[in-house]
Amino acid sequence: MVMGFAGFEGEDHGGLNRSACSRLTNVHPKGTPLKNQRQLTVLSSEEMAETAAAMGIETGLDPCWVGANVVLSGVPSLTILPPGTRLQLPDGGTFVVDMENGPCKFPGEIIDRHHPGQGKSYPTAAYGKRGFTAFVEREGTANLGDQVEIFYPSQALHPMLQAL
Numbered sequence: 037m038v039m040g041f042a043g044f045e046g047e048d049h050g051g052l053n054r055s056a057c058s059r060l061t062n063v064h065p066k067g068t069p070l071k072n073q074r075q076l077t078v079l080s081s082e083e084m085a086e087t088a089a090a091m092g093i094e095t096g097l098d099p100c101w102v103g104a105n106v107v108l109s110g111v112p113s114l115t116i117l118p119p120g121t122r123l124q125l126p127d128g129g130t131f132v133v134d135m136e137n138g139p140c141k142f143p144g145e146i147i148d149r150h151h152p153g154q155g156k157s158y159p160t161a162a163y164g165k166r167g168f169t170a171f172v173e174r175e176g177t178a179n180l181g182d183q184v185e186i187f188y189p190s191q192a193l194h195p196m197l198q199a200l
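The opening position of the sequence shown corresponds to residue 37 in my numbering, with each subsequent residue numbered one higher.
Just so you know, these hints were derived from the structure itself, not from any lab. Please note: incorrect hints may appear among the correct ones.
[Said to hold, decoys possible] No more than 20 Å apart at the CA atoms, straight line, and that leaves these computed lysine to aspartate or glutamate pairs for EDC-like: (1) Lys141 - Glu86; (2) Lys141 - Glu45; (3) Lys66 - Glu173; (4) Lys141 - Glu185; (5) Lys71 - Asp134; (6) Lys71 - Glu145; (7) Lys71 - Glu175; (8) Lys156 - Glu47; (9) Lys156 - Glu94; (10) Lys71 - Glu86; (11) Lys71 - Glu94; (12) Lys66 - Glu45; (13) Lys156 - Glu145; (14) Lys141 - Glu175; (15) Lys71 - Asp127; (16) Lys71 - Asp98.
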């Protein structure tokens, strides 16, 4: 799949700009035009399996049900990669972690279509395991099975965060 500066073509969260949503109302009024840093939703196959197990879904979760457009494996605690972490595809295409993607109820509605009565447990089961949102820094092509190289930001933890 071609990953352009607006994300993957035809994806719901793609585009160069977006409107502020409920996740940012403490900073911007809802609907405020913003640069889109939620172009990609990146999840971990391992964390999705843990979520499915917590929900009692033995067959697992389809990444499409939970809004994923990139699924990676072999990255422990993928959801909590720090903002600013860069993930680079073999051809140089690069996407950058924006923030943890908090659980929401909408995937639960889709899960309920396939596993009636189990979708309501999704937000709790997926807490801390719903991956992250990212934006495209350098265009490239993502192929099934690609290895990504991870570049962690060299940033000390802010003293205010250390106190928490």
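Violating hint indices (sorted, rising)
2, 3, 4, 6, 8, 10, 11, 12, 14, 15 and 16
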